[in-house]
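Novice: Read off the chains here:
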Amino acid sequence: MTWALLGVPMFCGAVAFFLRPHGPRRFLLVAAALAHAALTLQTWRCLPAPVLLGYLELDAAGRLFMSITSVLFLAAAVYAVGFLKESRHAKESEQEDGFFFDNAPEAAFTGGLLFFLATMTLAALSQHFGLLWVAVEATTLASAPLIHYHRQRSSLEAAWKYLLICSVGIALALLGNFFLAVAARNNPDLLMTAKELVGNARTLDPVWLKAAFLLFLTGYGTKMGLAPLHTWLPDAHSEAPSVVSALLSGALLNCAFLALLRVHAVLSAAGLADFSGGLLMIFGLLSMAVAAAFIVGQADFKRMLAYSSVEHMGILAFGAGLGTAAPAAMLHAVNHSLTKGLLFLTAGNILAASRTKSVHEIRGLLRALPFSGGLWLLGFLAITGSPPFGPFISELWILKGALDARRGLLAGLYLALLAIVFTGMSSAVLKMSQGEPSEKLQAVPKTSLWRLLPPAALAAAVLVLGLWIPRPLREAVQEAAVLLGGR
Amino acid sequence: MNFWLDALIVLVILANLRVLGASRLDACIKTVAFQGALLGLLPVLAHLDSLNARLLFQAGISTFLKAAVFPWLLGKALREAGLQREVEPFVGFTTSLAAGVLFLGAALWIGVRLPLTDSKAAAALAPAALFTIFVGLFIMVSRRKALSQVLGYLILENGIYAFGMAFAEKQPLLVELGILLDVFMAVFVMGIAIYHISREFDHLDADRMSTLKD
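Residue numbers (the working numbering), protein chains in the order written: chain A, 814 to 1300; chain B, 7 to 220.
It should be emphasised that the hints constitute simulated quantities derived from the structure, not laboratory data.
One or more hints might be untrue.
[Said to hold, decoys possible] Quick list of the computed label-pair ranges, beta carbon to beta carbon:
{"id": "1", "chain 1": "B", "residue 1": "108", "chain 2": "A", "residue 2": "860", "range": "36 to 44 Å"}
{"id": "2", "chain 1": "B", "residue 1": "57", "chain 2": "A", "residue 2": "840", "range": "46 to 54 Å"}
{"id": "3", "chain 1": "B", "residue 1": "178", "chain 2": "A", "residue 2": "1243", "range": "53 to 61 Å"}
{"id": "4", "chain 1": "A", "residue 1": "1095", "chain 2": "B", "residue 2": "88", "range": "44 to 52 Å"}
{"id": "5", "chain 1": "B", "residue 1": "30", "chain 2": "A", "residue 2": "999", "range": "47 to 55 Å"}
Values in this document were obtained by computation on a predicted structure and should not be read as measured data.
Every residue gets a Cβ at the ideal spot worked out from N, C-alpha and C, and that includes glycine.
Given only the sequences and the hints, what does the whole structure look like? Please build it.
Specialist: What follows is the structure in structure tokens.
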């Protein structure tokens, strides 16, 4: 089971790399996504047994995050079929001589998407901290080429920044791994797996443990997009094709969050929850504040969504750091991913129709593109925490956690920042939606069903989660929160 | 503690100083490769009395990657990019070297104060590892060319590897190989990115790629 989860995307990715005809390759992408989703669903019936000495084991936390990835990838795969059909590669006609391969760009893109899924699955499965590091670094390397799909200068710049900033950040997390090993030096037989370290946390050296957490926070925090290390994120999210942006924001950031929380769990078990949780809360609120500052008056709607991701990663870190709100943070991770997937995919539709990312050049979306415009408005309401959508429930739950922990001041700050983001996004989104269609939206091509169904399905899921949380999910977020250092 | 280990640590430190002072990119590539080879041999020299197959295998792969594959990849990227072989630092070579001396002092100061250690090898290696990490970070921010930044990343990685050698020798082989594979893929993907940059922009200056900002 565990091997199949890794093997299916890996194998299909390798095949897609060399498959020439477009039709079968696109079919393979969707088939692999479906197979991965089916396998993931199977793990909800019973968790697979650990493999490889327990280095790879799906626990409740890993399963939750892998399920988010899998659902989002399925939506993205279906959307990608429409995307690839319509946006024929700009330079496809003039044969590009590559650095190493002369591959059709679309084949490399499809293969890259599937490798990306495999690496994210590995991150969710890894219990061993070294392996977890390998997985998180691999997600960077698999996704960086995807950002540069359109072969524009700006996307190349974004990919380069992403590659360098995240690689350096993650190199520091590797140093954190070694610090963790030093912290465990009194107990030389200890395996560096999450379970063993949490079980023997009291034997670890607290000074080295704290130093290790600082390095992990820098490293995985960079990858997760916590301010002030988020600088790569707006560029990468706005320059990547929208289907990649959706995956980066909804799935990749969560992987880094999961990795960070695995370390937080060790510190909590060692009685250092105040230290690590406190840092998570500080950087969470800082991320929300930085995001709020850049969302207000943002002229590029994909950048606006990217900063909204920074904001929501801040909310997740804040909730997880609180301890009392850890289950709420888990639920919010689910809600944020589904909503952000919906928004980025819809943004892709708007971009395809209008050929501009500027907020000021778009007016009258609801008339020109009734379906996408409606989804855009709905996604905006959901992501800013309006009822009756999923994020409303989880954000409220985090607020309640903050009040339960007697953090009234922080709770007030949290609410104020949410309000600023709401105002900032509403002015942009409402202007885009209403009024007469602007020049760029005259005579728009019809959007295919491939590109409409996935965001619509995600919107339905976000709405359902706002009205009713299924019992397995409710239990899963509690279990995951306990595993990841919550109280 | 043995003579060879001492000599090796000194050479690692000298390699750092040479990268700080070198003005040509190919010289930098060669020096970083040399440093990588030294560090690849390090586990063998540190355990001369207790050699085993796993150790030799790991050292062999690591040395092969760092001393042969990486310089080849980077050299290829440099040739594809045309005749842009000067380092062109933001911070001059003399200043860089002076900064290097400061880093060395700081690394020694911190290194001997780290509350450890049972093995003497670790005590000598820690300052060198920290120095290498500092130099890697410094090279990344103080050089203009995209290729120099990859070199800085490699030096940083070398330093972290040395640190791991000193303190966490019991990493499972699987994880060790995974890390090497990741570093290899990182250099590979960065090499491809450099190739695209030189084609798109007709230069390799990372600081001139600045259209994206708020």
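Novice: Determine for every hint whether it applies to the structure shown.
Specialist: Against the structure, the hints come out as follows:
1. 108(B) / 860(A): 36 to 44 Å: violated (53 Å)
2. 57(B) / 840(A): 46 to 54 Å: holds (53 Å)
3. 178(B) / 1243(A): 53 to 61 Å: With a Cβ separation near 55 Å, residue 178(B) and residue 1243(A) satisfy 53 to 61 Å, so the hint holds.
4. 1095(A) / 88(B): 44 to 52 Å: Holds, at about 47 Å.
5. 30(B) / 999(A): 47 to 55 Å: Holds: the Cβ-Cβ distance is about 48 Å, inside 47 to 55 Å.
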